[in-house]
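> Residues 1 to 119 (UniProt numbering) make up the sequence shown, in order.
Among the clues, some could well be false.
What the hints assert, rightly or not - Estimated spans, in silico, between C-beta atoms of each pair:
| hint | residue 1 | residue 2 | range |
| --- | --- | --- | --- |
| 1 | Val-101 | Gly-71 | 46 to 56 angstroms |
| 2 | Arg-72 | Thr-113 | 53 to 63 angstroms |
| 3 | Ile-68 | Arg-42 | 24 to 34 angstroms |
| 4 | Ala-92 | Tyr-27 | 25 to 35 angstroms |
| 5 | Ala-45 | Asp-85 | 41 to 51 angstroms |
| 6 | Thr-113 | Val-64 | 38 to 48 angstroms |
| 7 | Ala-89 | Arg-42 | 17 to 27 angstroms |
| 8 | Thr-114 | Tyr-27 | 20 to 30 angstroms |
| 9 | Ser-9 | Ala-78 | 12 to 22 angstroms |
No wet-lab data here; the hints were simulated from the structure. Here the structure is a predicted model, which is why all the values come from computation and not from measurement. Idealized CB from N, CA, C, for every residue including glycine.
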Amino acid sequence: MTIRGAALSAPSYFVLASLLDGPLHGYVIIKRVEALSDEAVRLAAGSLYAVLDRLAEAGLVEVVSEEIVNGRARRYFALTPEGADTVQAEAARLAAAAKIVTNQALRRRVLDTTVVRPV
Numbered sequence: 001m002t003i004r005g006a007a008l009s010a011p012s013y014f015v016l017a018s019l020l021d022g023p024l025h026g027y028v029i030i031k032r033v034e035a036l037s038d039e040a041v042r043l044a045a046g047s048l049y050a051v052l053d054r055l056a057e058a059g060l061v062e063v064v065s066e067e068i069v070n071g072r073a074r075r076y077f078a079l080t081p082e083g084a085d086t087v088q089a090e091a092a093r094l095a096a097a098a099k100i101v102t103n104q105a106l107r108r109r110v111l112d113t114t115v116v117r118p119v
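Can you build the whole structure from these sequences, using the hints too?
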C-alpha cells in the first residue's frame with residue numbers, strides 16, 4: 001500500500017497496526033510498536049509524531065480526543081476507515097511476498113512461468 005505513491009515504511013506500518021484495536025495516545029503507541037515489531041522498530045517521541053503527522057495528512061489516522069494530564073496535552077489517535085483498509089492491504093501484500101520466499105513450491109512455479117525457454 002502507499003502513502004502518496006511511496007510504500008509504507010516499517011514505522012508507518014507498525015503505527016497503523018498499533019491502532020487496530022482502538023485509539024491510543026503517543027506513549028502507548030510507542031510501546032505497542034516495539035512489541036508488535038519484536039523491538040525492530042523503536043520510535044522516539046519526535047519520530048512518532050512525525051509519522052503520525054504524515055499519516056494524518058494522508059487521511060489514515062485522526063485525533064479523536066485530547067486531555068490534559070499533569071499539565072500536558074495527551075492526544076488520542078485512531079485509524080480512519082481508509083487507514084484500517086490500508087494496514088490490512090499492506091499486511092496481505094507482505095504476507096504474499098513472504099509466502100513466495102518461504103514456499104519453495106510456489107517459488108518454483110513462479111520461476112517456471114518466467115523462464116524463457118529456447119524454441
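> Identify every previously stated hint that the structure contradicts and give their numbers, smallest first.
Hints 5, 8 not satisfied by this model.
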